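S.K.: Make one complex out of these two single chains by using the hints.
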Amino acid sequence: MLKVRVIPTLLWKDFGLVKGVGFDSWRRVGPVLPAIKVYNSREVDELILVDIIASREGNNPDHDSLNDFADECFVPLTVGGGITDLKQIVFLLHAGADKVSLNSVLFDNPNLVNDAAYQFGVQCIVASIDVHRFEDRFTCLSHSGTRNSQYEPVVWARELADRGAGEILLTSVDRDGTMQGYDLELIEKVTSAVKIPVIASGGAGNYQHMIDAVKQAGASAVAAASIFHFTEQTPSGAKAAMKAAGIPVRQSLYSSSPSDGIQIILN
Amino acid sequence: MKVAIINYGMGNLGSVRRSLENLDADVIIAEHPKQLLDANRVILPGVGAFGEGMKKLCSEGWIESLQVQVIEQGKPLLGICLGMQMLSSLSEENGLNKGLNFIPGKVLRLDQLGCCFRLPHVGWNDVNYQENVSLFKKIPQQTDFYFVHSYAFIADDPANIIATSAYDISVTAAVRKNHIFGTQFHPEKSSKAGRQILKNFIEFTVC
Numbered sequence: 013m014l015k016v017r018v019i020p021t022l023l024w025k026d027f028g029l030v031k032g033v034g035f036d037s038w039r040r041v042g043p044v045l046p047a048i049k050v051y052n053s054r055e056v057d058e059l060i061l062v063d064i065i066a067s068r069e070g071n072n073p074d075h076d077s078l079n080d081f082a083d084e085c086f087v088p089l090t091v092g093g094g095i096t097d098l099k100q101i102v103f104l105l106h107a108g109a110d111k112v113s114l115n116s117v118l119f120d121n122p123n124l125v126n127d128a129a130y131q132f133g134v135q136c137i138v139a140s141i142d143v144h145r146f147e148d149r150f151t152c153l154s155h156s157g158t159r160n161s162q163y164e165p166v167v168w169a170r171e172l173a174d175r176g177a178g179e180i181l182l183t184s185v186d187r188d189g190t191m192q193g194y195d196l197e198l199i200e201k202v203t204s205a206v207k208i209p210v211i212a213s214g215g216a217g218n219y220q221h222m223i224d225a226v227k228q229a230g231a232s233a234v235a236a237a238s239i240f241h242f243t244e245q246t247p248s249g250a251k252a253a254m255k256a257a258g259i260p261v262r263q264s265l266y267s268s269s270p271s272d273g274i275q276i277i278l279n
Numbered sequence: 665m666k667v668a669i670i671n672y673g674m675g676n677l678g679s680v681r682r683s684l685e686n687l688d689a690d691v692i693i694a695e696h697p698k699q700l701l702d703a704n705r706v707i708l709p710g711v712g713a714f715g716e717g718m719k720k721l722c723s724e725g726w727i728e729s730l731q732v733q734v735i736e737q738g739k740p741l742l743g744i745c746l747g748m749q750m751l752s753s754l755s756e757e758n759g760l761n762k763g764l765n766f767i768p769g770k771v772l773r774l775d776q777l778g779c780c781f782r783l784p785h786v787g788w789n790d791v792n793y794q795e796n797v798s799l800f801k802k803i804p805q806q807t808d809f810y811f812v813h814s815y816a817f818i819a820d821d822p823a824n825i826i827a828t829s830a831y832d833i834s835v836t837a838a839v840r841k842n843h844i845f846g847t848q849f850h851p852e853k854s855s856k857a858g859r860q861i862l863k864n865f866i867e868f869t870v871c
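Line by line, the protein sequences are chains A and B. No gaps in the numbering here: position 212 of the first sequence is 224 in the numbering used here, and each next residue is one more. No gaps in the numbering here: position 28 of the second sequence is 692 in the numbering used here, and each next residue is one more.
Isolated chain B (complex conformation) (with noise of 0.2 Å):
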């Protein structure tokens, strides 16, 4: 199984690569939109902030690559944190900025939202998660994740609202159609119960 994890200057790419590299992926750290090419699964990272983010993205050719290998040739996709909120249509962070648009929807600020708890959300937080979910095959309801963020994605269509977390408000905590998928907590920062997300996402098959 080969895994790309796309590397456009946002984050900290070496705790997803090694979670990775623990479940015998084979892992490229894709530097250039071709090497999506020979990748089974694609994952999108990123911390920071949005705009900087899509701008990076676009300049670089990754959107290109994106439409090919993702929407036309069906490969499966993971953004984590900023690279879920990316998969949207809009976000609101320091402007407006447009997204990617494979999951129609759009980013706003916790507190926009209606959360009046201390921001960002960070730390251990508990998720529940519609059934038969593929991305949380063995994990038990409630299980705690990492999160750390400040926006939040609200998905046009809720039946792409796979999972949520309570801060305050209901916080979209995973997302999901067909065969591209967002987790808005950091897997490659839960521990165990992250490393299975990852597992489950290399493992997950186009029906």
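Chain A on its own, in the form it takes in the complex (with noise of 0.2 Å):
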């Protein structure tokens, strides 16, 4: 049975790894590279590592930072920021991403998810979309949540899923790191709309935030940043978690113990 994947996200922001609020207020968290050698010996499910300054600051994404990061992780890497072109998907590739995540590009540019999907395959290419709620209304944002694209996010996510995206990264601006739980309204409208897995992403504060996400919204994975970095919760611990409300989880060969949260490594 396929299992219901845990996924740390790591914010990357000049030389270290940050987290904001609502895309904002962004706080140091570490350095990048013991946080992924850290994760890899834990034998997370998979990593999505974005660059959140690039596509702002017009930054080609950093292929050689990369590449060291890559040499420590021996789970699924998933690469995002600042991607515009399919030259620089190969870089990435080449330099051990095994999945890209497109985002601010794809609103000037949505056939690049079908030339990406064409060249390496619809299980490379991630397509990141991050919703602002105005009220009852949804509408996404771009360039690091800078910008309102206009664009209805079930609408954006089918179009992005025909076009060949193999998975949809859907953030809730709104919750991002406020630990108060997913937009299961929003995450419910996606998941039921495409037929590619959604992973659920933005507000994760506690355990039973992701059991929501998979049970009553439909999401194939969870993805979370500031209860790993900021709490004692890890992804064992949601996983173990999961597992007792149900849900099909992978049982990591690594037992951790409840207190040895990645915060204390990265402090």
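These aren't lab readings, by the way, just hints derived from the structure by calculation. Remember, it's a predicted structure, so these values are computed and weren't measured experimentally. Don't take each hint at face value.
Unchecked claim - Among the chain A residues that face chain B by a calculated CB cut under 8 Å, a handful are:
#1 Lys15
#2 Arg17
#3 Asp74
#4 Asp80
#5 Ala82
#6 Gly108
#7 Tyr130
#8 Gln131
#9 Phe132
#10 Arg175
#11 Gly178
#12 Gly217
#13 Gly258
#14 Ile259
Backbone N, C-alpha and C define an ideal beta-carbon position, used for all residues, glycine too.
M.R.: This is the structure:
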């Protein structure tokens, strides 16, 4: 049986890891490499690494740094931030990314999904959608939450899936960093509209939030950052709680104690 | 032990190389078919589309080299993901495309085979393997491996399917014919269990 994945998200700015609230108020978390080493030694299901300023500042993805990070990573690694063309994807894949996450570029050039899926396979292409809620209406933001695209997330998700995206990474900008729970309504709307897997992101503050995203909203995977950076909760703890709730999860060969949160190593 | 990883421009060679280096193998990233001459083991990795992959293997001369080194000289070969699917006779991905035909069978989309779950099949899934298969030595039954694919290999001879995984239907997880192996999952991304698969492949000896 396919397992529901628990995916730590690592946001990368300049030379270190950061975490914010609502895509703002960035707080330094620590260096990138030790975090990847720790997560790898604990056999997390997967990692997502996003350069949060590349798109905003028009920078190329930093494949030299990625090469160093990938040296330490023997679990699947998705890399995003600043990707605008096929050549950059080739470099990132050669540097050690298994999948690439595309976001801002797609509002101007949605064909990049078709081209990338054709050349590298759909399994390689993660379409990332950042969503902001205006009262009862949802809209997609780009460039790390700084621009409003006016696109409607369900319509956009469906289009990206039709163009060949292999997965959707769906982030609620409003819930990001708040630890108040995923936006279940948003996730449910998107999971019921597309036939590709959807990764829920933005808002996880406890294990029950992850269980809700899967059981109530149909997420195939849950991504989270603050909960792992700033609390004692761990990916293996999350999986134990999910298992107890009847969700199939991968049993890691590594067993961890409750006190081994990533923040202890990073601080 | 010299292990050649075929670089035909498809996919992430870095993680395969690093996994093998961690096992103290002498790794050659083979950029040219002649480089298979020095190798004791050959790995055909790959992510991407079948037709594109075969086109590259053909235009760069890999097919003849694999024929000589693997089929005639008997060097063990491991195909990973697309690399495994290309061991087949035929694929229906983006039109009909011929494969290497090292393990007769064809490659079909999972939904054509009756799978109604979300595609691609992506994530960790447990694998059941035939007893006494050297590739799975020291690995418990139902260990999780990392899959990411939408197409699956249906071998003509069921005996060539040495492991399966359930995703609505039974999905071929690994194949073997004599000294030729393939895994649909990615051992290089399957943490400790994946490392054991690569170790078992390196240690495999033709009886």
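S.K.: Can we keep the Asp74/A interface hint, with Cβ of chain B closer than 8 Å?
M.R.: At about 15 Å, which exceeds the 8 Å cut-off, the nearest Cβ of chain B leaves the hint on Asp74/A violated.
S.K.: Does Gly217/A meet its interface restraint, that is, does its C-beta lie within less than 8 Å of any C-beta in chain B?
M.R.: 24 Å, violated
S.K.: Regarding the hint that Lys15/A lies at the interface with chain B, is the smallest CB-CB distance below 8 Å?
M.R.: 5 Å, holds
S.K.: Next item in the hint list is Gln131/A. Is there a CB on chain B closer than 8 Å to its CB?
M.R.: The hint holds - Gln131/A has a Cβ within 8 Å of chain B, the shortest such distance being about 7 Å.
S.K.: Regarding the hint that Phe132/A lies at the interface with chain B, is the smallest CB-CB distance below 8 Å?
M.R.: With a minimum Cβ separation of about 5 Å from chain B (threshold 8 Å), the hint on Phe132/A holds.
S.K.: Was the hint right that Gly258/A lines chain B, CB cutoff 8 Å?
M.R.: 17 Å, violated
S.K.: Hint check: is the beta carbon of Arg175/A less than 8 Å from a beta carbon of chain B?
M.R.: Because about 14 Å separates Arg175/A from the closest Cβ in chain B, which is outside the 8 Å limit, the hint is violated.
S.K.: At a threshold of 8 Å, is the proposed contact between Asp80/A and chain B supported by beta-carbon distances?
M.R.: 11 Å, violated
S.K.: Measuring from the C-beta of Gly178/A to each C-beta in chain B, is the shortest one below 8 Å?
M.R.: Because about 5 Å separates Gly178/A from the closest Cβ in chain B, which is inside the 8 Å limit, the hint holds.
S.K.: Tell me if the interface restraint on Arg17/A is satisfied: Cβ within less than 8 Å of some Cβ in chain B.
M.R.: OK, holds: Arg17/A within 8 Å of chain B, min 5 Å.
S.K.: Should the hint that Gly108/A touches chain B count as held when the rule is a Cβ pair under 8 Å?
M.R.: With a minimum Cβ separation of about 4 Å from chain B (threshold 8 Å), the hint on Gly108/A holds.
S.K.: Does Tyr130/A pass the interface hint, meaning its C-beta sits closer than 8 Å to a C-beta of chain B?
M.R.: 7 Å, holds
Checked against the numbered hints given earlier, this structure breaks hints 3, 4, 10, 12, 13 and 14; the rest are met.
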